[in-house]
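Here is what each chain is made of, one letter per residue.
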Amino acid sequence: GQQLNQSPQSMFIQEGEDVSMNCTSSSIFNTWLWYKQDPGEGPVLLIALYKAGELTSNGRLTAQFGITRKDSFLNISASIPSDVGIYFCAGHHYGGSQGNLIFGKGTKLSVKP
Amino acid sequence: DAGVIQSPRHEVTEMGQEVTLRCKPISGHNSLFWYRQTMMRGLELLIYFNNNVPIDDSGMPEDRFSAKMPNASFSTLKIQPSEPRDSAVYFCATTGLAAYNEQFFGPGTRLTVL
Chain A
47 GQQLNQSPQS MFIQEGEDVS MNCTSSSIFN TWLWYKQDPG EGPVLLIALY KAGELTSNGR
107 LTAQFGITRK DSFLNISASI PSDVGIYFCA GHHYGGSQGN LIFGKGTKLS VKP
Chain B
2 DAGVIQSPRH EVTEMGQEVT LRCKPISGHN SLFWYRQTMM RGLELLIYFN NNVPIDDSGM
62 PEDRFSAKMP NASFSTLKIQ PSEPRDSAVY FCATTGLAAY NEQFFGPGTR LTVL
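Going line by line, the protein sequences match chains A and B. Per this note's numbering, the very first residue in the first sequence carries number 47; after that it's consecutive. Per this note's numbering, the very first residue in the second sequence carries number 2; after that it's consecutive.
No wet-lab data here; the hints were simulated from the structure. We put the CB at the ideal spot given by N, CA and C, even for glycine. Check before you lean on any hint, since a few could be wrong.
Claimed, not checked - Quick list of simulated restraints, FRET-style, between CB atoms:
#: 1; chain 1: B; residue 1: Met41; chain 2: A; residue 2: Ser72; range: 16 to 24 Å
#: 2; chain 1: A; residue 1: Ser143; chain 2: B; residue 2: Phe75; range: 19 to 27 Å
#: 3; chain 1: A; residue 1: Ser143; chain 2: B; residue 2: Thr77; range: 29 to 37 Å
#: 4; chain 1: A; residue 1: Gly142; chain 2: B; residue 2: Lys79; range: 22 to 30 Å
Said to hold, decoys possible - To give a feel for the contact side, a few chain A residues facing chain B, derived at Cβ under 10 Å:
#: 5; residue: Thr70
#: 6; residue: Ile74
#: 7; residue: Thr77
#: 8; residue: Glu87
#: 9; residue: Ser123
#: 10; residue: Ile126
#: 11; residue: Pro127
#: 12; residue: Val130
#: 13; residue: Gly131
#: 14; residue: Phe134
To be verified - Here are the computed lysine-lysine pairs in the DSBU-like style, where the Cα-Cα straight-line distance is at most 35 Å:
#: 15; chain 1: A; residue 1: Lys116; chain 2: A; residue 2: Lys151
#: 16; chain 1: A; residue 1: Lys154; chain 2: A; residue 2: Lys116
#: 17; chain 1: A; residue 1: Lys151; chain 2: B; residue 2: Lys69
#: 18; chain 1: B; residue 1: Lys25; chain 2: B; residue 2: Lys69
#: 19; chain 1: B; residue 1: Lys79; chain 2: A; residue 2: Lys154
#: 20; chain 1: A; residue 1: Lys151; chain 2: A; residue 2: Lys97
#: 21; chain 1: A; residue 1: Lys158; chain 2: B; residue 2: Lys69
#: 22; chain 1: A; residue 1: Lys116; chain 2: A; residue 2: Lys97
#: 23; chain 1: A; residue 1: Lys154; chain 2: A; residue 2: Lys97
#: 24; chain 1: B; residue 1: Lys25; chain 2: A; residue 2: Lys151
#: 25; chain 1: A; residue 1: Lys116; chain 2: A; residue 2: Lys158
#: 26; chain 1: A; residue 1: Lys158; chain 2: B; residue 2: Lys79
#: 27; chain 1: B; residue 1: Lys79; chain 2: A; residue 2: Lys97
#: 28; chain 1: B; residue 1: Lys69; chain 2: B; residue 2: Lys79
#: 29; chain 1: B; residue 1: Lys79; chain 2: B; residue 2: Lys25
#: 30; chain 1: A; residue 1: Lys154; chain 2: B; residue 2: Lys25
#: 31; chain 1: A; residue 1: Lys97; chain 2: B; residue 2: Lys25
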């Protein structure tokens with residue numbers, strides 16, 4: 047079945063550092079999404095990307111839809127302690143049912159003050 | 002606007018008991034997804050509905066699990082009988098036609114089966 051490879055699995059960084067994580071797919075997607083999950087909560091949508099090459103920002107977060115349509119990355123600039131959490135990528139492939147997403151395994155981010 | 006509402010937030014039960022988890026989607030959303038999240042397996046899709054009709058239940062672990070969506074504003078996930086290995090966090094997520102690939106998640110139900 048469809049799989050998403052998300053890396054890295056975990057990151058330990060110092061406050062103020064920039065962060066980069068990515069996802070790759072074995073097939074092409076028409077949508078890439080990035081979610082953040084805080085402890086004890088459900089994943090929250092951060093950024094949605096709909097076009098190959100699209101680069102979208104949400105505050106200190108920037109995500110891009112790869113031109114091959116098989117990958118996406120998320121960057122966080124100048125990290126702060128509240129960035130701690132698990133970040134998930136998700137994709138929707140052509141021909142898939144409405145909203146039926148494939149999720150990555152997540153990147154656990156720890157920020158040291 | 003209210004987001005996806007799930008109840009209960011926490012459930013502790015004994016093995017063999019019936020468990021019912023509830024979800025109220027965002028008003029106007031027409032697709033609903035049930036997920037299970039564990040440390041070992043991550044986020045697993047159990048079943049999803051489109052316009053109240055089950056589309057794919059291939060992720061449901063076994064016959065002990067069942068899900069219904071009797072109307073556009075309510076869905077249940079039932080486990081009968083429950084087992085300790087069912088302990089997990091169960092999420093409901095919904096999407097609408099306007100941005101149909103953007104799933105919005107509820108806060109989840111943390112289930113512990115003793």
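Hints, one by one, checked against the model:
no., hint, in the structure
1, B:Met41 x A:Ser72: 16 to 24 Å, "holds (23 Å)"
2, A:Ser143 x B:Phe75: 19 to 27 Å, "holds (21 Å)"
3, A:Ser143 x B:Thr77: 29 to 37 Å, "violated (21 Å)"
4, A:Gly142 x B:Lys79: 22 to 30 Å, "holds (27 Å)"
5, Thr70, "violated (17 Å)"
6, Ile74, "violated (14 Å)"
7, Thr77, "holds (4 Å)"
8, Glu87, "holds (6 Å)"
9, Ser123, "violated (24 Å)"
10, Ile126, "violated (23 Å)"
11, Pro127, "violated (22 Å)"
12, Val130, "violated (17 Å)"
13, Gly131, "violated (13 Å)"
14, Phe134, "holds (7 Å)"
15, A:Lys116 x A:Lys151, "holds (16 Å)"
16, A:Lys154 x A:Lys116, "holds (22 Å)"
17, A:Lys151 x B:Lys69, "holds (27 Å)"
18, B:Lys25 x B:Lys69, "holds (12 Å)"
19, B:Lys79 x A:Lys154, "holds (31 Å)"
20, A:Lys151 x A:Lys97, "holds (23 Å)"
21, A:Lys158 x B:Lys69, "violated (44 Å)"
22, A:Lys116 x A:Lys97, "holds (12 Å)"
23, A:Lys154 x A:Lys97, "holds (27 Å)"
24, B:Lys25 x A:Lys151, "holds (26 Å)"
25, A:Lys116 x A:Lys158, "holds (32 Å)"
26, A:Lys158 x B:Lys79, "violated (41 Å)"
27, B:Lys79 x A:Lys97, "violated (39 Å)"
28, B:Lys69 x B:Lys79, "holds (8 Å)"
29, B:Lys79 x B:Lys25, "holds (15 Å)"
30, A:Lys154 x B:Lys25, "holds (29 Å)"
31, A:Lys97 x B:Lys25, "holds (31 Å)"
Checked against the numbered hints given earlier, this structure breaks hints 3, 5, 6, 9, 10, 11, 12, 13, 21, 26, 27; the rest are met.
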